[in-house]
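A.B. asks: Chains as they are written, first to last, in our numbering: chain A, 1 to 115; chain B, 1001 to 1113.
Simulated from the structure, these hints should not be mistaken for lab results.
Please note that the accuracy of each hint is not assured.
Now the stretches of chain A that chain B is said to cover, found in silico as 3 or more residues with beta-carbon under 8 Å [as the list claims (entries may be wrong)]:
(1) 17-29
(2) 88-95
(3) 104-115
We put the CB at the ideal spot given by N, CA and C, even for glycine.
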Amino acid sequence: GAVVSQHPSWVICKSGTSVKIECRSLDFQATTMFWYRQFPKQSLMLMATSNEGSKATYEQGVEKDKFLINHASLTLSTLTVTSAHPEDSSFYICSAESLGHTEAFFGQGTRLTVV
Amino acid sequence: AQKVTQAQTEISVVEKEDVTLDCVYETRDTTYYLFWYKQPPSGELVFLIRRNSFDEQNEISGRYSWNFQKSTSSFNFTITASQVVDSAVYFCALHGGYNKLIFGAGTRLAVHP
Chain A
1 GAVVSQHPSW
11 VICKSGTSVK
21 IECRSLDFQA
31 TTMFWYRQFP
41 KQSLMLMATS
51 NEGSKATYEQ
61 GVEKDKFLIN
71 HASLTLSTLT
81 VTSAHPEDSS
91 FYICSAESLG
101 HTEAFFGQGT
111 RLTVV
Chain B
1001 AQKVTQAQTE
1011 ISVVEKEDVT
1021 LDCVYETRDT
1031 TYYLFWYKQP
1041 PSGELVFLIR
1051 RNSFDEQNEI
1061 SGRYSWNFQK
1071 STSSFNFTIT
1081 ASQVVDSAVY
1091 FCALHGGYNK
1101 LIFGAGTRLA
1111 VHP
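Starting from the given sequences, assemble the full structure and let the hints guide the process.
C.D. replies: Okay, here's the thing in structure tokens:
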């Protein structure tokens, strides 16, 4: 099946710094990428949807200035957590779809810890 | 509105027992897709199955089987002869007309030796 690679798998950063998470589709062109956040023992909550070459669409309650999403190519989307705070500590996971296909392929996830 | 309900928060069974994970969904779309994913402790999501709304045939894959009933808007997942390696969180998800995957709250399955 299709492969989506997410990097890094875990990161620890200091409060106030920014962290960038990459999501790459390795063997298909991802016209749409999704970013989810998952708190411990909770479900995946969609943060935003990004289509290649256009601005991301954020879900209600998600600060777009804090969670910057860039989908500059058909194989790469990035999520940057700006000025991170401890409450941003969470598991972030991306998924990618190609045009006309409804099956989303998920990255391995990134565990962010802000200290 | 689209919604997925997994009423069972946690299930605990002993190895070799059969276990059924329930999933009930809501959607106004006539065309939609239903999924099951497994999330082991490592965190990655493992795709298990996709079913489209026009295919109500039940499916069996090894020890796994799925029962899709449109009349009750349910898509239940049964593991036969459970094993310790089946311990994980299982998510049911719905993909409808809004190009989004809506996840249920998940069911944490613990299989004890």
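A.B. asks: Taking a Cβ-Cβ distance under 8 Å as contact, does the region 104-115 of chain A have three or more residues in contact with chain B?
C.D. replies: holds (count 7)
A.B. asks: Against chain B, does the region 88-95 of chain A show at least 3 residues with beta-carbon separation below 8 Å?
C.D. replies: holds (count 3)
A.B. asks: Between the region 17-29 of chain A and chain B, see if three or more residues pass the 8 Å beta-carbon test, and mark the coverage as holds or violated.
C.D. replies: violated (count 0)
Of the numbered hints stated above, the single one contradicted by the structure is hint 1.
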